[in-house]
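Asks: Chains as they are written, first to last, in the numbering used here: chain A, 1 to 234; chain B, 1 to 234; chain C, 1 to 234; chain D, 1 to 234.
What the hints contain is simulated information worked out from the structure, not anything from laboratory work.
Honestly, I wouldn't trust all of these hints.
In silico DSS-like links for lysine-lysine, alpha-carbon gap of 27 Å or less [said to hold, decoys possible]:
#, chain 1, residue 1, chain 2, residue 2
1, B, K228, B, K218
2, B, K228, A, K199
3, C, K95, D, K202
4, B, K95, C, K35
There are 4 protein chains.
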Amino acid sequence: MAKIEFLDDVTVELVDFMGNDRRVVQAAQVSVVGKNDPENFARDEGLINYLSGARHGSPFEHIVMTYYIEAPIFVFREFMRHRIASYNEMSARYKELPPRFYIPNERRNLVQAGKSSHPDLVPGTDEQYNIMRWSQEHVANVTWENYRDQLDAGIALEVARNVLPVNIMSQMYVTMNARSLMNFFSLRVDSDEAVYPSKPQKEIEMVALKMEKIFAEKYPLVHNAFLKTGRVSP
Amino acid sequence: MAKIEFLDDVTVELVDFMGNDRRVVQAAQVSVVGKNDPENFARDEGLINYLSGARHGSPFEHIVMTYYIEAPIFVFREFMRHRIASYNEMSARYKELPPRFYIPNERRNLVQAGKSSHPDLVPGTDEQYNIMRWSQEHVANVTWENYRDQLDAGIALEVARNVLPVNIMSQMYVTMNARSLMNFFSLRVDSDEAVYPSKPQKEIEMVALKMEKIFAEKYPLVHNAFLKTGRVSP
Amino acid sequence: MAKIEFLDDVTVELVDFMGNDRRVVQAAQVSVVGKNDPENFARDEGLINYLSGARHGSPFEHIVMTYYIEAPIFVFREFMRHRIASYNEMSARYKELPPRFYIPNERRNLVQAGKSSHPDLVPGTDEQYNIMRWSQEHVANVTWENYRDQLDAGIALEVARNVLPVNIMSQMYVTMNARSLMNFFSLRVDSDEAVYPSKPQKEIEMVALKMEKIFAEKYPLVHNAFLKTGRVSP
Amino acid sequence: MAKIEFLDDVTVELVDFMGNDRRVVQAAQVSVVGKNDPENFARDEGLINYLSGARHGSPFEHIVMTYYIEAPIFVFREFMRHRIASYNEMSARYKELPPRFYIPNERRNLVQAGKSSHPDLVPGTDEQYNIMRWSQEHVANVTWENYRDQLDAGIALEVARNVLPVNIMSQMYVTMNARSLMNFFSLRVDSDEAVYPSKPQKEIEMVALKMEKIFAEKYPLVHNAFLKTGRVSP
């Protein structure tokens, strides 16, 4: 039987991307000058900042990125609520999922401090961490054993998978444009700089931060404009 | 501790709906006569059939339905890949999920007959059913115990839920227009009448069939046109 | 020949609508309590305001409205850039357009005060109004005559219509949900209350204001929350 | 005064594109094998054909193209009904439009043969062509003169443009994914090979054919699959 792996992190890799900061300028300038060669424009940065601050979002849609992501199912459940995106994910109907389970490490806040409808987590005790860890390892082991038992008995993948918990890792390719990505970052990263603060679950924030780091490298002026406008998607 | 419930069915209820068969006619006729009173049109049925067969889909978008649905998480995972829809779902970050788990009944096909990439399931033996049922009940019991143990130890909902399996029941409201609904029905119901056959998982088909039954009652001419055109969404 | 009409206004009528303020509460509460009967909820207003201020937009998507609109083509050109909407419009391929042309009245600002890329119009002189009016009536008359001449010579509608100006009136049915509508109102109404000010063209603002008035009557709590949050769509 | 130009053609240029035929394979294979290096896959063509024929559309969404297009406003009016796309267009609020007008050449069918609701055009006589051409040149000249007169009198761009006809040329950048593009091609090209025939207006077909030619060059296996499946978008 495959050895069960426990992970406390997610994977984000850039697969492909299109456009650059200047593409935003080029697209925006078609309004006022028509077809244009973005090499001719000085002051790209000023225009990008203006577009972002004034929430003229459409020129940002011509920048597109494709990422590969490995994360637990409960993260993908939240991710796929973002509808301006293209997804292909590993299927538990067609494939035996790999025995890889996400369990938070010791640095993850464990205890709810506020009301349940306003998550505001604080660190747990060592004992709490141990209870959580023991429970989640135990359930992973039990479910995996029962998953495999069913498969060994000839039960179809799509039926046997019923027992798999939402912290099992899945994999996907996702393609989003810069406008949709910035909306994703605004909702899925908890930042003091945000005009509209959001309290995402830690694990989707781990994905979002890795995505945003790559985004910032590829499109530095666009990302900087996003920061300047208080992390509000244009 | 709450008693664990095992269910072999899903729930679909109509919450609200907008428009009727004639709204499709009214919307389509604006192309050729402008604003119109649909009471004046004879031969609604012919026009609706024509629009459906010729794949003029936009007039069907003014019909909108809101459903309440209870189904296992693995069904909602597939459902939410449909992006032309509005969703609000129970959150395991904000609420302790009810201990309700889906387990297939004896009539569900259990064994994969074809290649794994082309699901084609056939009945299992009694022994196979018993193995599946025992495993899934066992995992539900173990996970629920460990979920509750973590909560009792003060672990936050959003962390403790890691152990919950994808066959735990969730609830949502979903709003879709008729065009998107017919696309959903075309992909999520296995029908001999379909021009483009689809092999959905049984459980999302159970949801889709209940939704389609209500749809057919409210919009009989539109639904009939959908059938006539081989279950191809316009 | 049909008499040419000149109009200085647009038409907006409510065709149908779905949901009410409480539907937003019902949809939002599914997160924390599951299926619910909105009659049981007190303090709807507080929750709606919270959702709006925190930009939790999805519960607003279950409210849907269908409008009939008559407005000039240049307004529909701007309107149809809003993609979360369903449209059916009169077609100049299928119908001889009625000879109805929009010309601004004396109260419309005529002169650009700022830079061309930041429209900020101020009143024109009487002479300027007369020049504008004369030109636009003249062009309407000339184009209509040439449109009809081509049709009388047997030229197809879709070719003859090339000459029609963008101020000829068209008609459409449009269906949008409350979230998309509030985004439309935020961009297409110039308001001192707006956190993100917008400078829409006067004529689409005329449409938006009429739509928003009906919206406010049907969904007073939702509309009030929109105002309280500075006209930012949730 | 700028010299008026009459054009009988449209312009389509590729600005950027992302992905290749193998990206479709890579995205599809994540379902069954997870993250993968598409270099490892033989038989790409077979899989792409299968996905297309079975209408598994999502893997095609990771291919994205950006085009520059110059075409008359009446074409952009039809184009922008396609909502799974990103647009930036020249604005007559911000810029004096160039005096470039589309007028069909002698090869364009001019006369409606069927019912007005089912366009089916046949060639016109020389006399009909001359009437059409004279009318359209005359209107272009009159409207341009009146547009310029208003601008010379200090009338704002957004008001003066009311007189411009729908055959004046505009310019845009548009970004679409391969799935949306194939839907566009299926609706906007009249082909005997189409399972669902469409009767687009000639001028948007001119745009679509130029776009499809570039698409076929960049993604030959995907395009071939589209042809094999009767020009039905997956």
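Asks: Now tell me if each hint is right for this structure.
Replies: Now the hints, each set against the structure:
1. K228/B x K218/B: holds, 17 Å
2. K228/B x K199/A: Status violated; Cα separation ~49 Å.
3. K95/C x K202/D: Status holds; Cα separation ~17 Å.
4. K95/B x K35/C: holds, 13 Å
In summary, the structure is inconsistent with hint 2 from the numbered list given earlier, while agreeing with all the others.
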